[in-house]
Every structure is written in structure tokens, then in C-alpha cells.
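S.K.: Construct all of the structure, not just a fragment, from the sequences and the given hints.
The sequence shown begins at 383 in my numbering and counts up by one.
Misleading hints may appear alongside valid ones.
[Stated by the list, open to error] DSBU-like mimics (lysine-lysine), calculated; alpha carbons at most 35 Å apart, straight line: (1) Lys580 / Lys423; (2) Lys498 / Lys474; (3) Lys474 / Lys580; (4) Lys695 / Lys580; (5) Lys605 / Lys498; (6) Lys745 / Lys695; (7) Lys423 / Lys747; (8) Lys605 / Lys423; (9) Lys474 / Lys423; (10) Lys474 / Lys527.
[Said to hold, decoys possible] Derived Cβ-Cβ restraints for the label pairs, each shown as a range: (11) Glu700 / Ser477: 35 to 45 Å; (12) Ile545 / Val470: 48 to 58 Å; (13) Pro504 / Glu700: 24 to 34 Å; (14) Ala524 / Leu603: 39 to 49 Å; (15) Lys605 / Arg739: 29 to 39 Å; (16) Arg575 / Gln554: 22 to 32 Å; (17) Asp565 / Leu707: 21 to 31 Å; (18) Ala541 / Ser746: 31 to 41 Å; (19) Val597 / Arg744: 44 to 54 Å; (20) Arg528 / Pro735: 42 to 52 Å.
In short, the hints are calculated from the structure, not lab data.
All residues carry an ideal CB built from backbone N, CA and C; glycine is no exception.
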Amino acid sequence: MIINSRFFNRSELLGFLALAVLLFVILPLSLDIFRLNLVAKYLTYAFVGIGLVLCWGYGGILSLGQGVFFGLGGYCMAMYLKLEASSVANTKIQSTPGIPDFMDWNQLTSLPFFWKPFHSFPVTLLATLLVPAVFALIIGAAMFKRRVGGVYFAIITQAIAAILTILIVGQQGYTGGINGITDLRTLHGWDIRTDHAKFILYFVEVMLLFGCICVAQFIRLTKLGRILVAMREQEDRVRFSGYSVANFKIFAFCAAAVFAAIGGAMFTLEVGFMSPSFVGIVPSIEMVIYTAVGGRMSIFGAVWGALLVNFAKTSLSESFPQLWLFGLGALFIAVVLAFPNGLSGIWADHVQPRIDRLLASRKSKSAAGLIADGAPAE
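M.R.: In C-alpha cells, the structure reads:
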């Protein structure tokens with residue numbers, strides 16, 4: 383009762399339970415490990431979608447560069463895994479044993495200083511959260527303190543995504559270049575390539591996802607969440623009320639960056655590599671489409687959007703690989719024109735009212751039956 387009244391309303395609680403049953407029970411029991419690993423890959427984008435709900439849906443800050451933070455989180459995890467796979471014993475045939483293979487190919491003779499902290503797993507976990515958060519803080523402070531917003535901010539985030547992609551590709555000796563960081567094998571000696579490991583990682587990811595859902599829901603229900611909505615609707619009024627609009631925008635942007643980074647780190651663990659193809663403009667726009675399809679005002683809608691759009695992408699790519707991009711564009715146009723609030727809006731506007739009317743009708747008939755049964759005979 384406390385959860386229903388204070389944290390989730392009835393519809394949200396039903397959505398929470400339905401998603402939990404699907405991800406924890408139905409999919410693991412009905413899919414083979416290959417398909418389950420595909421679902422795990424889809425869910426990594428759901429972390430980005432949850433962050434975009436807070437940033438874009440509630441804060442009104444459209445970021446077209448979330449792939450940057452997804453990639454930063456993924457690269458932090460990949461650096462740790464690559465160093466573990468690049469032990470002296472595993473790289474003894476190299477010119478310089480003990481460093482990643484792509485560094486040896488590019489004639490580096492020692493490990494760069496910024497790679498050395500990633501020998502430690504706790505430092506890696508901390509960096510996975512802090513590096514994207516600090517980067518988002520720098521960008522947010524530079525933009526929002528100068529009141530840069532709207533389409534200008536969206537374009538700037540696109541430019542940052544393009545710049546970071548070019549930087550990663552150009553610094554091949556330090557980042558792996560266009561191929562990225564590959565051949566990731568173990569986590570603390572545990573082989574992450576086995577079916578058993580993928581099964582366990584799936585459940586770890588799902589638990590992290592529900593943890594992020596609860597954190598996002600908590601933010602949404604606090605005074606901070608209400609201020610974000612007010613800021614989206616009437617920014618000047620919030621500013622004249624004495625609130626620092628820039629600081630609230632920075633917080634929302636940093637929170638979205640951290641959520642995206644968690645998804646990127648899990649992507650690296652699930653798929654076994656990280657490359658600049660997940661950092662640039664195209665994947666960033668796709669992440670926005672996942673959120674828009676699910677509903678940019680719905681935390682659960684973002685998860686469903688990531689699952690459904692990626693499932694459609696896989697299905698169409700297998701059958702009609704040339705048509706997928708046209709389908710994605712048509713889907714985005716349909717969202718903008720036909721159902722701007724996404725799947726969650728369709729549910730809230732058309733499905734939920736019918737369910738409520740049906741339940742109310744049954745309740746009234748049941749009450750009428752009880753009254754009739756208890757009425758005194760004449």
C-alpha cells in the first residue's frame with residue numbers, strides 16, 4: 383500500500399510488475415542464450431532512455447549526444463577488461479609484453495599513464511560513473527550558465543559526439559582506433575564469454591536497470607522533479623522565483639550522463655567490445671528515438687521503447703537490411719505527428735481509461751448485487 387500511494391500509482395505499479403515478470407521470468411525461460419544476450423544488449427539502451435526521460439522529458443533538455451556518455455562508460459569498463467586480458471603471459475609474443483595488442487601494433491613501448499588506474503576494478507567502477515558525470519558537468523556549466531538551450535544545445539551535443547568519435551579514431555595507439563577495444567575475455571579471472579556468464583550478467587543488468595528505474599522515479603516525485611517540469615514549461619518564471627535554472631539543468635544532464643554510462647559499461651560486458659561506432663551522432667539520435675517511441679515522459683515507456691525498437695531493428699535487418707533506416711525514419715515521423723507522447727501516451731489516453739471504466743462498471747455491478755442480496759423481503 384505504501385508503494386502504491388507514495389512511490390508508484392496503480393498504473394505504474396502494474397507496469398513495474400509486468401516488466402519485472404517479463405525480464406526476470408518469461409524471457410529467461412523462453413529464450414535461448416543467444417536471444418537472451420540480444421535482449422541484454424537492447425536493455426543497455428534502456429539506461430540511456432531513462433536518463434533522457436529525466437533530461438529531455440522532464441527537464442526539456444534535448445541532448446543528441448548521449449552516445450558520448452554511453453561510450454565513455456563503455457570505454458572505462460573496456461580498458462579494465464583489456465588490461466586484464468593483456469597480462470605478460472597472454473602477450474608474451476608481442477614486442478612489448480604486458481600492454482594491449484593495439485598499442486604494440488602502433489609501436490608504443492609502455493602503458494600510457496591514464497590507462498594505469500584501470501588495473502583496479504574499484505577505480506574502474508568509480509571512473510565509469512565519475513568520468514561521464516564530470517564531462518557532463520563541464521559541458522553543462524559551459525552551456526547552461528550562458529543560457530544556451532533548445533536547438534542550439536542539441537546541435538552542440540551532436541558536434542561533441544562527432545568530435546569525440548574523430549578523436550577516438552585518430553588516437554589509434556591509445557584507444558584502438560576504428561576497431562575499438564576488442565578481445566575482452568575475463569572479469570577478475572571469470573570468463574565472461576561463456577553461456578553461463580552471459581546468463582548471470584543478464585540478471586545483474588536487469589537488477590541494475592530496476593535500480594535505475596527506482597532512482598529516476600524518486601527524482602521525479604521529489605521537489606526537484608516538480609521544478610524540472612516547471613522549468614520545462616516556464617523557465618523564466620522559475621528563474622524569477624529565485625531558483626538557479628542553470629544548476630537544475632546541469633543536474634538533469636549529469637544524471638542522464640551517469641545512467642547512459644551504466645548502460646555503456648553493461649554493453650561492454652554483454653557484447654565483449656566497445657568501439658567508436660557507439661559514440662557518434664547516429665547512435666545518439668537512435669537513442670532519442672527509443673525514448674520518443676516509448677514516451678519521453680514515461681520511465682517505463684523508455685524501457686519498452688528500447689526493447690521494441692531494437693527488436694524491430696533486428697528483425698527487419700535480418701530480413702530487409704536496406705529498409706531498416708527508412709523504417710526508423712518513418713517511425714520517428716509517426717511519433718512526432720501521430721502520437722507525440724509515444725506508446726505510454728497511447729496507453730494513458732486510450733487503453734487505461736477503458737480499463738478504469740471496465741473496473742468501475744464491474745465494481746458498481748458487484749455493489750448492486752450485494753445490495754440486492756441484502757435487501758429485506760417485502
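S.K.: Now, for every hint given, state plainly whether the structure supports it.
M.R.: Right, here's what the structure says about each hint:
The hinted pair formed by Lys580 and Lys423 meets the criterion: a straight-line CA distance of about 11 Å does not exceed 35 Å. For the suggested pair Lys498 and Lys474, the alpha carbons sit about 19 Å apart, so the restraint of at most 35 Å is met. Between Lys474 and Lys580 the CA atoms are separated by roughly 29 Å; this keeps the pair inside 35 Å, and the hint holds. Restraint check: the Cα-Cα separation between Lys695 and Lys580 comes to about 22 Å, which is no more than 35 Å; the hinted pair holds.
A hinted pair counts as satisfied when its Cα atoms are at most 35 Å apart, and Lys605 with Lys498 does not qualify at roughly 41 Å. Between the alpha carbons of Lys745 and Lys695 the distance comes to roughly 43 Å, so the proposed pair goes past 35 Å and is violated. Restraint check: the Cα-Cα separation between Lys423 and Lys747 comes to about 47 Å, which exceeds 35 Å; the hinted pair is violated. This hinted pair checks out: Lys605 and Lys423 have alpha carbons roughly 34 Å apart, not beyond 35 Å.
Proximity of Lys474 to Lys423 is assessed by CA-CA distance (about 33 Å); at most 35 Å being required, the pair is judged to hold. With a C-alpha separation of about 52 Å, the suggested pair Lys474 and Lys527 falls outside the 35 Å cut-off, and the hint is violated. The hinted window of 35 to 45 Å between Glu700 and Ser477 holds, with their beta carbons roughly 42 Å apart. Checking the proposed 48 to 58 Å range against Ile545 and Val470 shows it is violated: the Cβ atoms sit about 36 Å from each other.
Against the hinted window of 24 to 34 Å, the Cβ-Cβ separation of Pro504 and Glu700 comes to about 40 Å, which falls outside the hint. Range check, Ala524 to Leu603: Cβ separation about 30 Å, and the 39 to 49 Å hint is violated. Separated by about 34 Å at the C-beta atoms, Lys605 and Arg739 satisfy the suggested range of 29 to 39 Å. Against the hinted window of 22 to 32 Å, the Cβ-Cβ separation of Arg575 and Gln554 comes to about 25 Å, which satisfies the hint.
Here the CB-CB span from Asp565 to Leu707 is close to 30 Å, well matched to the stated 21 to 31 Å. For the pair Ala541 and Ser746, the supplied restraint of 31 to 41 Å is violated, since their beta-carbon distance comes to about 58 Å. In this structure the hint that Val597 and Arg744 lie 44 to 54 Å apart at CB is violated, the actual value being about 36 Å. The supplied range of 42 to 52 Å is met by Arg528 and Pro735, whose beta-carbon atoms lie about 44 Å from each other.
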